[in-house]
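There are 2 protein chains.
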Amino acid sequence: MSDQLIQPRTLSGFRDFLPEAMIPREQLMETARRVYRSYGFVPIDTPTLEYSEILCGKGSEETDRQMYRFMHGKRDVAMRFDLTVPLARFVAQHHNELGTPFKRYHIGTVWRGERPQAGRYREFAQCDFDTIGTTSIASDIETVLVINDLMRAIGFEKFTIRLNNRKVLNGVLQKADLADQSVLVLRALDKLGKIGSDKVKEEMLETTPATSEQADCILQLAEINGTIAEVLEQLGPLCDGNELAQQGREEISQVAGAAGSVGLTDNNLAIDVSIARGLDYYTGTIVETFLNDLPSFGSVCSGGRYDNLARLYSKQELPGIGASLGLDRLLAAMQQLEMIPPTRTTADVLIVQFEPENLHRYLGIASDLRRAGICTEVFPDPVVIDGKFKSKKLNQQFKYANRRGFPAVIIAGNDELATNTVKIKWMSDGTETAIPLESDSAGIVEWLRNKFN
Amino acid sequence: MSDQLIQPRTLSGFRDFLPEAMIPREQLMETARRVYRSYGFVPIDTPTLEYSEILCGKGSEETDRQMYRFMHGKRDVAMRFDLTVPLARFVAQHHNELGTPFKRYHIGTVWRGERPQAGRYREFAQCDFDTIGTTSIASDIETVLVINDLMRAIGFEKFTIRLNNRKVLNGVLQKADLADQSVLVLRALDKLGKIGSDKVKEEMLETTPATSEQADCILQLAEINGTIAEVLEQLGPLCDGNELAQQGREEISQVAGAAGSVGLTDNNLAIDVSIARGLDYYTGTIVETFLNDLPSFGSVCSGGRYDNLARLYSKQELPGIGASLGLDRLLAAMQQLEMIPPTRTTADVLIVQFEPENLHRYLGIASDLRRAGICTEVFPDPVVIDGKFKSKKLNQQFKYANRRGFPAVIIAGNDELATNTVKIKWMSDGTETAIPLESDSAGIVEWLRNKFN
Numbered sequence: 082m083s084d085q086l087i088q089p090r091t092l093s094g095f096r097d098f099l100p101e102a103m104i105p106r107e108q109l110m111e112t113a114r115r116v117y118r119s120y121g122f123v124p125i126d127t128p129t130l131e132y133s134e135i136l137c138g139k140g141s142e143e144t145d146r147q148m149y150r151f152m153h154g155k156r157d158v159a160m161r162f163d164l165t166v167p168l169a170r171f172v173a174q175h176h177n178e179l180g181t182p183f184k185r186y187h188i189g190t191v192w193r194g195e196r197p198q199a200g201r202y203r204e205f206a207q208c209d210f211d212t213i214g215t216t217s218i219a220s221d222i223e224t225v226l227v228i229n230d231l232m233r234a235i236g237f238e239k240f241t242i243r244l245n246n247r248k249v250l251n252g253v254l255q256k257a258d259l260a261d262q263s264v265l266v267l268r269a270l271d272k273l274g275k276i277g278s279d280k281v282k283e284e285m286l287e288t289t290p291a292t293s294e295q296a297d298c299i300l301q302l303a304e305i306n307g308t309i310a311e312v313l314e315q316l317g318p319l320c321d322g323n324e325l326a327q328q329g330r331e332e333i334s335q336v337a338g339a340a341g342s343v344g345l346t347d348n349n350l351a352i353d354v355s356i357a358r359g360l361d362y363y364t365g366t367i368v369e370t371f372l373n374d375l376p377s378f379g380s381v382c383s384g385g386r387y388d389n390l391a392r393l394y395s396k397q398e399l400p401g402i403g404a405s406l407g408l409d410r411l412l413a414a415m416q417q418l419e420m421i422p423p424t425r426t427t428a429d430v431l432i433v434q435f436e437p438e439n440l441h442r443y444l445g446i447a448s449d450l451r452r453a454g455i456c457t458e459v460f461p462d463p464v465v466i467d468g469k470f471k472s473k474k475l476n477q478q479f480k481y482a483n484r485r486g487f488p489a490v491i492i493a494g495n496d497e498l499a500t501n502t503v504k505i506k507w508m509s510d511g512t513e514t515a516i517p518l519e520s521d522s523a524g525i526v527e528w529l530r531n532k533f534n
Numbered sequence: 082m083s084d085q086l087i088q089p090r091t092l093s094g095f096r097d098f099l100p101e102a103m104i105p106r107e108q109l110m111e112t113a114r115r116v117y118r119s120y121g122f123v124p125i126d127t128p129t130l131e132y133s134e135i136l137c138g139k140g141s142e143e144t145d146r147q148m149y150r151f152m153h154g155k156r157d158v159a160m161r162f163d164l165t166v167p168l169a170r171f172v173a174q175h176h177n178e179l180g181t182p183f184k185r186y187h188i189g190t191v192w193r194g195e196r197p198q199a200g201r202y203r204e205f206a207q208c209d210f211d212t213i214g215t216t217s218i219a220s221d222i223e224t225v226l227v228i229n230d231l232m233r234a235i236g237f238e239k240f241t242i243r244l245n246n247r248k249v250l251n252g253v254l255q256k257a258d259l260a261d262q263s264v265l266v267l268r269a270l271d272k273l274g275k276i277g278s279d280k281v282k283e284e285m286l287e288t289t290p291a292t293s294e295q296a297d298c299i300l301q302l303a304e305i306n307g308t309i310a311e312v313l314e315q316l317g318p319l320c321d322g323n324e325l326a327q328q329g330r331e332e333i334s335q336v337a338g339a340a341g342s343v344g345l346t347d348n349n350l351a352i353d354v355s356i357a358r359g360l361d362y363y364t365g366t367i368v369e370t371f372l373n374d375l376p377s378f379g380s381v382c383s384g385g386r387y388d389n390l391a392r393l394y395s396k397q398e399l400p401g402i403g404a405s406l407g408l409d410r411l412l413a414a415m416q417q418l419e420m421i422p423p424t425r426t427t428a429d430v431l432i433v434q435f436e437p438e439n440l441h442r443y444l445g446i447a448s449d450l451r452r453a454g455i456c457t458e459v460f461p462d463p464v465v466i467d468g469k470f471k472s473k474k475l476n477q478q479f480k481y482a483n484r485r486g487f488p489a490v491i492i493a494g495n496d497e498l499a500t501n502t503v504k505i506k507w508m509s510d511g512t513e514t515a516i517p518l519e520s521d522s523a524g525i526v527e528w529l530r531n532k533f534n
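Read top to bottom, the protein sequences are chains A and B. Start counting at 1 in the first sequence, then tack on 81, and there's your number in the numbering used here. Start counting at 1 in the second sequence, then tack on 81, and there's your number in the numbering used here.
Simulated from the structure, these hints should not be mistaken for laboratory data. Be careful, since some hints might not be right.
Each pair may be met inside one copy or between any two copies, as identical chains are not told apart.
Said to hold, decoys possible - As a list, the in silico SDA-like pairs of lysine to any residue whose alpha-carbon atoms are at most 25 Å apart:
hint: 1; residue 1: K155; residue 2: C137
hint: 2; residue 1: K139; residue 2: F151
hint: 3; residue 1: K155; residue 2: R201
hint: 4; residue 1: K396; residue 2: E527
hint: 5; residue 1: K532; residue 2: A453
hint: 6; residue 1: K480; residue 2: L92
hint: 7; residue 1: K139; residue 2: M152
hint: 8; residue 1: K139; residue 2: R196
hint: 9; residue 1: K155; residue 2: C298
hint: 10; residue 1: K139; residue 2: L86
hint: 11; residue 1: K155; residue 2: E134
hint: 12; residue 1: K473; residue 2: M508
hint: 13; residue 1: K282; residue 2: M415
hint: 14; residue 1: K474; residue 2: Q397
hint: 15; residue 1: K275; residue 2: E195
hint: 16; residue 1: K139; residue 2: E331
hint: 17; residue 1: K139; residue 2: P182
hint: 18; residue 1: K480; residue 2: N373
hint: 19; residue 1: K480; residue 2: P182
hint: 20; residue 1: K155; residue 2: V191
hint: 21; residue 1: K396; residue 2: Q85
hint: 22; residue 1: K272; residue 2: L444
hint: 23; residue 1: K474; residue 2: G379
hint: 24; residue 1: K480; residue 2: L179
hint: 25; residue 1: K280; residue 2: E134
hint: 26; residue 1: K155; residue 2: Y132
hint: 27; residue 1: K504; residue 2: Q262
Since the structure is predicted, the reported quantities are computational estimates derived from the model, not experimental observations.
From just these sequences and the hints, can you work out the full model?
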């Protein structure tokens, strides 16, 4: 063994998750799983490493450049940079076993060697759900409902799901004979918020063959806003005369109508005809989700409908729709909105230790409490002298309880046990309550359940 | 877009997890998390990639050779091959923030480029829990209790936790002046089951300076068996006269005694003085866990006490104890014991679709059921014609239900809805029950709850 210590450090852009960060992170993933499952989505996983040919050239030039790619023996391999490309490979490979429609969720780590900066990491988690093998609008509707349930289950009430349909803009561009100009038109439209409509119109006239009327019409479309009903009404005349645009409007109307039927209305749903997302990829419904209190965080859950997921790997045509929950962004937002309690324990109760001969009693109470679903820690560090426990001083044990953030501490020294009671200290207000100690700890369980509910 | 399809395939030794494999896998991980949390263990995570100097030379020569190691820019990096080395680096780096005792669990993927073979993969999950920064026997006791709760929560009743303490054998070797011969003695003892005690004694006499009496004494130790009380009794005279051996025996006795006090007795706990595990690493308590019905699967949960976790990264002395649940091995065993139902859905109920104008009704029922905690899928693939749903033929929808394994299907066509009822088909016996449809679906919820409980 060398005397030289190795400096303990992590790679730039990579993170250790300490308990106070990992506890809410795990809870968020569990909430997502619970909501996905409640709709019948099933989990899958794919390897971290794929043959490079599976991943290269599937995202953007940027993702290729940022890929962790290396030779393993004679194999050219790479770490996945998202969960969508592996999904495409997966359904192409297992199509017959899976059957369609296939509804899957996938929570997994992905890697991108981008320049580390505030809030950007080289290793992060994605949390996707997709319905593959159907063009049914029922899946579009479900996607919006899942997002709504997700946001509420996580604890948000003030959020807005923005809904659009690529067919509307594409149809309006068709109508104006500008279908092949969509990239340039969108590039100009993208600046609407910053430079205003006059300048955007100027740019459109310069960079595309649009006439002044056509540019006005497109601007009119992008500037539509209001309630769901108002936007749908304004969209009517703009879409008239083009089948694609009308179809897009009809799909938006059906999604919004069905969402309304289960209580998702203007409070949390808006039609936003200005959102476009993933220009070349999405072909129908598009969704983004914004926090009303933190709009600058950008979308925390986004997705849309695509025509053919696995075209690079299979002749099987696989249309679908999916969305991705932005875990890291959501956690950052929850932190900022003080939605995450600063806890460092997963347990509800700490049992402090006194006399060594009572350890079996403490273990018995802990066992009863756990059986009743109450997470219980027995103070883990009594000192051993001559093969016997000596408890640490009570103030050290309470320091541990405070530092970790246990809501309750159970005190059962010889005095308490002699009268068949325990004391429960409720840490937030310091009150102590004596509870009779029965053989199955029923009184303690009941008292704690009342406090926790 | 090239016409040439890319062959969808995975790297040798890497796996796709299809839903029927991933559903029980996720459930197993969730069970482990629930049990770990019930004892106050907290989750952490560490990066997949570390500086190579952190990982190299920390396991065996074999782990070094099997490591996925590559250059990322100018950085020499490697993928973690276990969760223990990253834990050592982690606690060395964050010691002050964490405080001790520190109880953590970590479920994560690790990579080893070993030769793929049946049941061996290059990418697999580990599921560890450790208590760091205490020498207290209370943690040894807790480790055994956690394993017991884990096995029961997973669904096993017939298992045996084998308990030993390295101090016993080390003490007995000290007594025989053979302390520096432990590797050779253990190598010989390891063959006890195969070649019998006479041959083992021969080998000991050949390869070590042991006398015939010493060899007999060691063999006597290794061959002790019986109930906990019997083994402890037989250990008495063998440990007499050596402090280390006596201490080991006392620790075994304390762990077994405390376990017995919460009901973990001879049924599921045995003292097995022949187990040694990780010769150079463990220093006290050692545990292994075997399935009584599948002993050849080897240990499914193993661990032990160590003296100084982070000595390569920190001057801080960090003793601890931990164990690791063998996820893949357990899943294989559960498969073989037919403990895993062959389900491909996470939902309890499928609502089939009839008339398009009823979709909002179906969404409403599904929403009610989800709110009551019943996972519900609305058949995702009605056909759209003229912008309106047409339901797929009922037999296609039932084929989907059968293939996925939904326990129940809700049927609500115009006939049913006209009389404010739905029919629930219980798939395992094919019975259909008519239930009144209330505005909050309370009757359906109640009927299903009764069926599921």
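Where does the structure disagree with the numbered hints, that is, which hint numbers, in rising order? Hints 4, 6, 9, 13, 15, 16, 18, 22, 23, 25 and 27 contradicted; others consistent.
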